[in-house]
Amino acid sequence: MSILNVNQIQPVGSGQTVTISATNISAGSATVTAGTFTGNLTGNVTGNATGLSGSPTLSGITSVSTSNLTVNGTAYPNAGPLSNRNLIINGAMQIYQRSGISTNIIGYHLDRWEFGASGGTRAVTQETLTTGSPYDEGFRNYFHLINTGASTASNSYREITQKIEAQNVANSGWNYTSSDSFVTLSFWVRSSVAQTYYVKLKTNDGTAQAYGSAFSLSADTWTKVTKTIPGNSNITINNDNGNGLNVAVVPFYGTDFTDNSFVTDAWATYVDPPQLPDMTNTWAGTTNATFDLTGVQLEVGSVATPFEHRSYGDELARCQRYYYKISGASNDRYFMGLAENSTVFYGVMHAPVTMRTDPTLETSGTASHFRVSYSTDTTCNAVPTLANSTPNTALIGGAIVASGLTANQAAMLGSNSASSYLALTAEL
Amino acid sequence: MSLTYLQFNYYRGEKCSIQATNGTAQFSIPLNSENSDYQEYLKWLAEGNEPLPADEPS
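Just so you know, the sequences run in chain order A and B.
According to numbering that gives the first Met the number 0, the stretch in the first sequence is residues 0 to 427, in order.
According to numbering that gives the first Met the number 0, the stretch in the second sequence is residues 0 to 57, in order.
Source of the hints: derived by calculation from the structure; they are not laboratory data.
Where hints are given, some of them may not hold.
[To be verified] Each pair of labels, with its calculated beta carbon distance range:
no. : chain 1 : residue 1 : chain 2 : residue 2 : range
1   : B       : Q38       : A       : N391      : 39 to 47 Å
2   : B       : K42       : A       : N391      : 34 to 42 Å
3   : A       : D179      : B       : S32       : 34 to 42 Å
4   : A       : H349      : B       : K42       : 27 to 35 Å
5   : B       : G47       : A       : R139      : 45 to 53 Å
6   : B       : R11       : A       : T124      : 24 to 32 Å
7   : B       : L44       : A       : T206      : 41 to 49 Å
8   : B       : P50       : A       : S66       : 36 to 44 Å
9   : B       : E49       : A       : T73       : 24 to 32 Å
10  : B       : Q38       : A       : S310      : 47 to 55 Å
11  : A       : P272      : B       : Q38       : 19 to 27 Å
12  : A       : Y134      : B       : G47       : 49 to 57 Å
The beta carbon of each residue, even a glycine, is placed where N, CA and C say it ideally should be.
One chain only, chain B, in its complex shape (with noise of 0.2 Å):
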């Protein structure tokens, strides 16, 4: 699943999901390394691309 990665979503402050879509569903990926989506967050990072901005939360 080809995804584009937007931003983190926070709860209370902390950091707790990554937004992304894949142009027509959102997914919200939990920051957990055995989730597939994250782990393929991480190769994708691991490829050389930006990392999400570490906005503030909204």
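In isolation and in its complexed conformation, chain A is listed as follows (with noise of 0.2 Å):
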């Protein structure tokens, strides 16, 4: 073997190009540096490369071991599943099938998202993005809450929740127990006041656990917030269909709630109050306050990955396992059934989907929006009430008419008015 122990090797005269023909290269543990390599890399890497560009590829590889691996900007996924990421449900507040409802409910409006509120006064509306980051990452809806009536009250607060079935966390693939296993918590946010703003996160099974963490806000400016969450051994996720996991982004809470010796950014034991730090008060205390919220992503691993869009068809699929509503104009119809006699009917709803559990019947309250139709329409004088319900069928019905149904004659419950509706409910 021969060696060559040289500082330099340079191309000849203007050449720009050094060949070497050798079926191996080794460089020891030295570096090997060019402004450019050209011709094939193979055999092990074991060294940093950097500087990487033009168009090489890369083969033979069998793992990549990277805490954030990132293509074009975009983040992939370094722990969980590869599809079904998003534990949210109805994250792109695309689905309302709630749509009508009062706006002053305190309550669910749009699906999945429970809105809690006391005192002053507030108004929850589904928004259309028509501009916008978020409308940019394929967005077109959002959750709007105008606080109408101001309170800085200390039982004062506006919080936005969503309650994440147990199962599907325990499913999930999070090690929720591992203070290394993490969920990664996005979302896009807007408010019309600047100031700092909190996250929350509450198991309820065994000892229920709490987070919290903080985001701040430029005003009337979308902005994307990101939290990654470690587990905890204190966590405890029943394989249920229980409540297992509460997210929710806080608006205000009043000092009834708050106290400085919450401790942010760690899981602790849930007690009442402290649930988070004391909060600036001037979003509540500001008439006409707004705060919007889309793009809700809860996802196992320590990255935020884009958004997963899903079709309108498979999120209204996702919410109807916990809320499913049918309404129609007049003479519409909603399901079969028998008379029992001249004035009980009872027939059944089905559920698209398996719910939760056995649903609440909710209906527009009004007995005149309501007809049986057999061979006439007969406009019912009382609501039809609940008489049994499973996961898949409700029996619907009672003495709903003043008279006219013969026993065991089939008939139709039906609308009779716009403002008809019939619903599910399962939430939890």
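Hints given; two lone chains; assemble the complex.
Listed below in structure tokens is the structure:
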């Protein structure tokens, strides 16, 4: 073997290339540096390859070990499943089966999102996005909260919560008892008031645990917020259909619910108070302040991957496990049934997907919104009620007409008004 | 959701659900402990509120 000991190899004349004709090139523990490498690089590469550009082809790679794999600015998962990653349902705020309800109701408005509030007045609507950064990422709707009546009282609050079914978390791939396993929460948010707001996670099985984290917004500016949250050995999540994990975005908590002893960005046993540190109350004290939310994603892993856009039909079906509404204009029919006697009718309403548990029946609440039809249409004189429900069916009816039915007569329950509706609800 | 509980509903003589209202809509709540509306009713009872009268079926 011949050994060439030199400090530099340079091309001759004005050339720019040095060609090495060899089967193997070994640099030992040294670094091989050049402005440009051409040809094929084969064998074991154990050092750092930096500055790759042009169109190099990497082949024979059996694994990529990195905590953050990003391609053209897009983050790829580093844990959890490669599809169905988003544990949040209706994160894009597309589905609004309750559309038309009073905007000031405390409870559910947009599907799966529960609005909680006390003090002052407020209104919730689904709004349409037409421009802006979330629009550019494919979002067309957002949850819109208006603080119509300001209140900074100690018992006032505003929060937007999604309760995630426990078995969806238990089977997600998050090793939630390990501090080395993470979930990442990301969302787009905009407020008319610049200040610090909070997100809050709360588990519900075993000894409840809570996690709070702050984020700051500039006024009237859509901001993408990302929070990576570790597991904790005190977390319990059952593999059942109960409430496993609450994810809340909090515009305001009054001081009845807060204290600066609360430690952010760490799990701790849930107590009330404090659920969060004391909050700036500028937003709460501003009449008609707004708070907008969309693109909410909770996924296993420590990186926020692109939002998992789902088709309207897919998202609606997921929502219908918790709420299913049918409504119609006057003359529309809901379902068939049988008369038990001259005044009593019962029929079966079928859920399109298996619901979480035996659902509650919700009706538009006015008897004259409904009719029982056989050879004629008879307006109801009582609101239909629930006789029995399973996750797939609901037996609905009662003594709902004054007279006219015949025992064992087939009949239909239908709508008598554009305001008429029936809904099955199995929310957490 | 804040509900006012109205009465029990009966089906063929058996107590089957609780009728309630939020002032606009009406609700029939099944007597199932996994149902969150029924859980709220039980919580309301535990807070010392008067149970619904055990009416005879209408």
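Hints, verified against the model:
no.	hint	in the structure
1	Q38/B x N391/A: 39 to 47 Å	violated, 21 Å
2	K42/B x N391/A: 34 to 42 Å	violated, 27 Å
3	D179/A x S32/B: 34 to 42 Å	holds, 36 Å
4	H349/A x K42/B: 27 to 35 Å	holds, 30 Å
5	G47/B x R139/A: 45 to 53 Å	holds, 47 Å
6	R11/B x T124/A: 24 to 32 Å	violated, 43 Å
7	L44/B x T206/A: 41 to 49 Å	violated, 25 Å
8	P50/B x S66/A: 36 to 44 Å	violated, 57 Å
9	E49/B x T73/A: 24 to 32 Å	violated, 59 Å
10	Q38/B x S310/A: 47 to 55 Å	violated, 33 Å
11	P272/A x Q38/B: 19 to 27 Å	holds, 23 Å
12	Y134/A x G47/B: 49 to 57 Å	holds, 51 Å
Violated hints for the displayed structure, listed by number in ascending order: 1, 2, 6, 7, 8, 9 and 10.
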